[in-house]
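A.B. asks: The chain contents come next:
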Amino acid sequence: MVGAHRLTKRFGEFTAVDAIDVEVRRGEAFGFLGPNGAGKSSTMRMIGCVSPPTEGSLRILGLDPATDGPAIRARLGVVPQRDTLDEELTVRENILVYGRYFGLSRAQVNAKADELLEFAQLGERAGSVVEPLSGGMKRRLTIARSLVNDPELLLLDEPTTGLDPQARHVLWDRLFRLKRSGVTLVLTTHYMDEAEQLCDRLVVMDGGRIVAEGSPRELIALHSTREVLELRFAADDHAPYAAKLTGLADRVEVLPDRLLLYTDDGDATAAAVHGRGLAPLSVLARRSTLEDVFLHLTGRTLVD
Amino acid sequence: MSAVNAIARALPIPAGAGLARALVERNARAFRHGWVTLVSGVFEPMFYLFSLGVGLGALIGDVDAGGGRMVEYAAYVAPAMMAAAAMNGAVYDSTFNLFFKLKYARLYDSVLATPLGPRDVAVGEITWALLRGLLYSTAFLVVAAAAGMVSSWWAVLALPAASLIGLAFAAVGMSVTTYLRSWQDFDYIQLALMPMFLFSATFYPLSTYDESIRWLVQATPLYHGVAMIRDLMLGDVAWGILAHVAYLAVMGLVGLVFAARRIERLLLR
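First to last, the sequence lines map onto chains A and B. Under the numbering used here, think of the first position of the first sequence as 1, with each following residue one higher. Under the numbering used here, think of the first position of the second sequence as 1001, with each following residue one higher.
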């Protein structure tokens, strides 16, 4: 569906995407994970054929975006990071007009609008203007709108950023259904739970480069341990305790309020900690998540 | 519109899918929700016509419309109001409205994610400006004719002529808009329009000016628009009118190509 080879995007001196290789297969959900400014959105814009690559090759649906932009875009659905709904139109008109941009007939867009409003649970608001809708409704409408041309490939740039938990779960459910119906999903996110829920495969980007690649499970196996033991001590500085824990875990990470011990067996490690005569205030053994991988790979310093 | 499309396709300008009409349809739908703006566009030139043409005209009497032919002042000034209204409407649509869509509504971000390209955006927006302008100029012509200010059937051609003025100004206005940074910058546009409106042989003949500065007036686009429509409404049609047509047509097409390129550079980075 998408094949990128040494794909690069530069804005003047700044390199937003630095020679990445990506292969997205039909029917899968593929994720770009990374902190803000990692180059996810620039990559998505290139895949969406609205930003020409500076270097490297890019094929989408077997076509070249430089020459077949309109033909490719006709088969894509795009959910941008910021909602770009048409606030001068009603909810229903947003879908109708968007369908017309794809050259669909009035009869086609009318039928499609009914179907999509139901899919997005917006049937009751069909005649309402867009402005007063809640964030979740706007997001659902943006997704509904992007499906008007029955896209083979759906690009979602941070689909659930800024939504409350209920709205996120409704959206995830809709995205699952799309995937089941055979739509290929490419999404960016910085929510680890989202990536674990939705993505079959993903790449972690940092500073315009791909730093890791695989299924969520593979990434955890490769870049973290099976479990993580979180320890809190009654002290402002946890660093001295880390020194006393050497040898108990594959890796110990010191955070301001706790220690993270990367280990394959959290309970056994906890027992070993007690065995060394240490008495943490709280002990939590949990499974390793994509978040541990992510923070390990991209660091904890704020990059904005 | 298909003519505009055909010409656009022949020129080396940014890609499009030939779906500009979809954007026109979008604007028509949005317009239905805000039809009040229609009213001001229809009445503004008429207010000018009656205050200047009829009111001031009573004090002025007849004026020389060129070649020693004397006409009532109202009949003299009406074509100028029609031309100026075509200019103002086109500029308003292609500057204020476009700037809002570009910077705030981010309309084209979603439009360009569909098969539509920058050329479709330029052609679609300008076509819409022309359609709206045509509505205004038709209303104006009907009122002017009813008030006895039109003396020739040539005046019917003033409608496409007004659209040509619209094309020229909308295309250039759109290009200029892509350079604007904030609402303050719109003062520059007013600074260009106001003197054109006042001095382009709109309210008095070109012969009023000293020979040494006539060329300056004749270099401005509104002068050609006013002269063209005045020739048609007064029925004074000669081959010379083609010079006005050519001036405005070139301005419109060059502006259109340039506007599409600018939209491409601005949005498809």
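None of these hints come from the bench; they were simulated from the model. Since the model is a prediction, treat every value here as computed from it, not as a measurement. A couple of the hints might just be wrong.
As the list claims (entries may be wrong) - Distance ranges between label pairs, derived from CB positions:
hint : chain 1 : residue 1 : chain 2 : residue 2 : range
1    : A       : 166       : B       : 1160      : 28 to 34 angstroms
2    : B       : 1033      : A       : 115       : 23 to 29 angstroms
3    : B       : 1047      : A       : 166       : 53 to 59 angstroms
4    : A       : 36        : B       : 1192      : 40 to 46 angstroms
5    : B       : 1033      : A       : 254       : 56 to 62 angstroms
6    : B       : 1037      : A       : 128       : 18 to 24 angstroms
7    : B       : 1238      : A       : 131       : 38 to 44 angstroms
8    : B       : 1038      : A       : 214       : 33 to 39 angstroms
9    : A       : 164       : B       : 1039      : 39 to 45 angstroms
10   : B       : 1037      : A       : 10        : 40 to 46 angstroms
11   : B       : 1194      : A       : 23        : 56 to 62 angstroms
To be verified - Listing some non-contacts, in silico: residues in chain A with all C-beta distances to chain B over 12 angstroms:
hint : residue
12   : 13
13   : 86
14   : 99
15   : 181
16   : 197
17   : 206
18   : 212
Backbone N, C-alpha and C fix where the C-beta goes; we use that ideal spot for every residue, glycine too.
A.B. asks: For every hint, state whether the structure bears it out.
C.D. replies: Here's how the hints hold up against the structure:
1. Evaluation of the 28 to 34 angstroms hint for residue 166 (chain A) and residue 1160 (chain B) yields a failure: the beta carbon distance comes to about 57 angstroms.
2. The hinted window of 23 to 29 angstroms between residue 1033 (chain B) and residue 115 (chain A) holds, with their beta carbons roughly 24 angstroms apart.
3. Between residue 1047 (chain B) and residue 166 (chain A), the C-beta spacing of about 55 angstroms keeps the proposed range 53 to 59 angstroms intact.
4. Separation of residue 36 (chain A) from residue 1192 (chain B) is about 42 angstroms and conforms to the stated range, judged on CB atoms against 40 to 46 angstroms.
5. Taking 56 to 62 angstroms as the suggested C-beta distance range, the pair residue 1033 (chain B) and residue 254 (chain A) conforms, at roughly 58 angstroms.
6. For residue 1037 (chain B) and residue 128 (chain A), the Cβ-Cβ distance of about 22 angstroms falls inside the hinted range of 18 to 24 angstroms, so the restraint holds.
7. Between residue 1238 (chain B) and residue 131 (chain A) the Cβ separation comes to about 54 angstroms, which falls outside the hinted range of 38 to 44 angstroms.
8. Checked against the hint of 33 to 39 angstroms, the pair residue 1038 (chain B) and residue 214 (chain A) fails, with Cβ atoms roughly 59 angstroms apart.
9. Distance hint check: the CB atoms of residue 164 (chain A) and residue 1039 (chain B) are about 43 angstroms apart, consistent with the given range 39 to 45 angstroms.
10. Take residue 1037 (chain B) and residue 10 (chain A): their Cβ atoms lie about 43 angstroms apart, and the range 40 to 46 angstroms holds.
11. Judged by the Cβ atoms, the range 56 to 62 angstroms given for residue 1194 (chain B) and residue 23 (chain A) holds: they are separated by roughly 59 angstroms.
12. For residue 13 (chain A), the requirement that its beta carbon stay farther than 12 angstroms from each beta carbon of chain B is met, with the minimum near 15 angstroms.
13. Distance check for residue 86 (chain A) against chain B: the nearest CB is about 6 angstroms away, which does not clear 12 angstroms, and the non-interface claim fails.
14. With a least CB separation of 9 angstroms from chain B, residue 99 (chain A) falls inside the 12 angstroms interface cut-off, contrary to its annotation.
15. No beta-carbon of chain B is positioned within 12 angstroms of the beta-carbon of residue 181 (chain A); the least distance is around 21 angstroms.
16. The claim that residue 197 (chain A) is not at the interface with chain B holds, since no C-beta of that chain comes within 12 angstroms of its own (minimum 25 angstroms).
17. The claim that residue 206 (chain A) lies off the interface holds: its Cβ sits roughly 23 angstroms from the closest Cβ of chain B, which is beyond the 12 angstroms cut-off.
18. Separation of residue 212 (chain A) from chain B is adequate, the least Cβ-Cβ distance of about 28 angstroms exceeding the 12 angstroms criterion.
The structure does not agree with the numbered hints 1, 7, 8, 13, 14 stated previously, though it agrees with the rest.
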